[in-house]
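Visitor: So the chains spell out like this:
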Amino acid sequence: MKSLEDLKKLRESAQQIMRLREGGESIRIVMGMGTCGIAAGARETLAAIMEELQAHNLHDVIVTQTGCAGLCDKEPLVDVIWPGQPRISYGNVDAERARQIVLQHVKNKQVVEEWVIRR
Amino acid sequence: MREISLHVLDLAQNSIAANATEIFILLEEDLATNCLRLMVRDNGHGMTKEQCRKALDPFYTTRTARKVGLGLALLQAAAERAAGQVRICSELGKGTTVFADFMYDHIDRAPIGDMAATLVSIITLNEQCHITYRHRRDQREFTVSSRELKQELAGMPLNHPQVVAWLGRYMRELEKTLEV
Numbered sequence: 616m617k618s619l620e621d622l623k624k625l626r627e628s629a630q631q632i633m634r635l636r637e638g639g640e641s642i643r644i645v646m647g648m649g650t651c652g653i654a655a656g657a658r659e660t661l662a663a664i665m666e667e668l669q670a671h672n673l674h675d676v677i678v679t680q681t682g683c684a685g686l687c688d689k690e691p692l693v694d695v696i697w698p699g700q701p702r703i704s705y706g707n708v709d710a711e712r713a714r715q716i717v718l719q720h721v722k723n724k725q726v727v728e729e730w731v732i733r734r
Numbered sequence: 010m011r012e013i014s015l016h017v018l019d020l021a022q023n024s025i026a027a028n029a030t031e032i033f034i035l036l037e038e039d040l041a042t043n044c045l046r047l048m049v050r051d052n053g054h055g056m057t058k059e060q061c062r063k064a065l066d067p068f069y070t071t072r073t074a075r076k077v078g079l080g081l082a083l084l085q086a087a088a089e090r091a092a093g094q095v096r097i098c099s100e101l102g103k104g105t106t107v108f109a110d111f112m113y114d115h116i117d118r119a120p121i122g123d124m125a126a127t128l129v130s131i132i133t134l135n136e137q138c139h140i141t142y143r144h145r146r147d148q149r150e151f152t153v154s155s156r157e158l159k160q161e162l163a164g165m166p167l168n169h170p171q172v173v174a175w176l177g178r179y180m181r182e183l184e185k186t187l188e189v
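Going down the list, the sequences are from chains A and F.
If you count by this note's numbering, then the first sequence holds residues 616 to 734, one letter each, in order.
If you count by this note's numbering, then the second sequence holds residues 10 to 189, one letter each, in order.
Since the hints were made in silico from the structure, they are not lab data.
Please note: incorrect hints may appear among the correct ones.
[What the hints assert, rightly or not] Which stretches of chain A does chain F cover? Using the computed rule of at least three CB atoms under 8 Å from a CB of chain F, they are:
#	region
1	618-629
2	663-671
3	707-716
Cβ coordinates follow ideal geometry from the N, Cα and C atoms, glycine included.
From just these sequences and the hints, can you work out the full model?
Guide: See below:
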């Protein structure tokens with residue numbers, strides 16, 4: 616699945632999943648992408664998040680970004696926001712922590728207390 | 010920053026922070042002249058002459074979350090380490106262009122790194138921004154345009170996890186076409 620032609624096939628197969636996106640409020644993941652975040656490995660954290668969302672068919676989660684939050688030593692920072700719930704910020708999120716957070720918090724709605732730095 | 014591709018990601022974040030809707034990234038490996046050139050051009054809100062002059066100063070920033078702005082200063086350090094330099098052209102209301110060059114075979118030149126991962130990150134997080142990336146190595150080149158990809162997707166978001174996974178594979182295939 617590499618050419619642009621394959622992208623069309625992918626589009627067709629994903630039409631059904633798309634319908635899910637339209638209704639209801641989605642869970643949001645916010646990735647810290649300031650210089651500090653990038654230097655600390657945010658790109659690899661983000662890649663792990665996207666892979667994990669794909670692996671668990673979590674296709675209606677919205678992934679967005681923010682700049683530096685002033686907590687540069689805690690980067691990479693990842694926030695998870697369930698609709699109607701307070702924002703949970705996780706610190707020092709490497710790829711491995713990111714996978715755990717997606718599985719436990721995004722998929723199963725269980726906050727990973729150990730890595731929470733702010734709520 | 011260990012890789013040039015991470016600087017590219019950082020520069021793109023600057024463009025996005027400047028409300029750019031178009032970002033053009035050119036990475037040129039010119040082996041004939043032993044030069045690696047990087048250009049990132051955006052149509053964001055641009056800078057005044059004064060801001061542009063201070064942009065490379067690590068203790069100058071327009072942000073309020075912290076008192077330093079290291080991104081461009083780090084790029085400059087990386088370029089100068091490899092006998093290169095950084096230039097910034099900016100016009101208020103029009104946009105900003107950052108140029109960096111490096112001596113290609115300089116022992117201290119940072120590796121290009123994972124440009125596919127950088128592009129995927131920018132596109133994943135900035136659905137609304139049009140990104141064009143061109144990678145040239147001597148006579149060979151390829152271009153990826155998020156606008157074209159969006160046309161193919163006909164309404165399906167570019168940051169859909171399945172599309173993101175596909176894009177990473179697609180980029181890596183394109184990179185192979187540059188190899189002799």
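Visitor: Hints first: check each against the structure and report whether it holds.
Guide: Right, here's what the structure says about each hint:
1. Under the rule that three or more residues need a Cβ within less than 8 Å of chain F, the assignment of the region 618-629 of chain A holds, with 8 such residues.
2. By the rule of at least three residues with a Cβ nearer than 8 Å to a Cβ of chain F, the coverage given for the region 663-671 of chain A holds, with 4 such residues.
3. Counting residues of the region 707-716 of chain A whose C-beta sits closer than 8 Å to any C-beta of chain F gives 0, which falls short of three, so the coverage hint is violated.
The structure does not agree with numbered hint 3 stated previously, though it agrees with all others.
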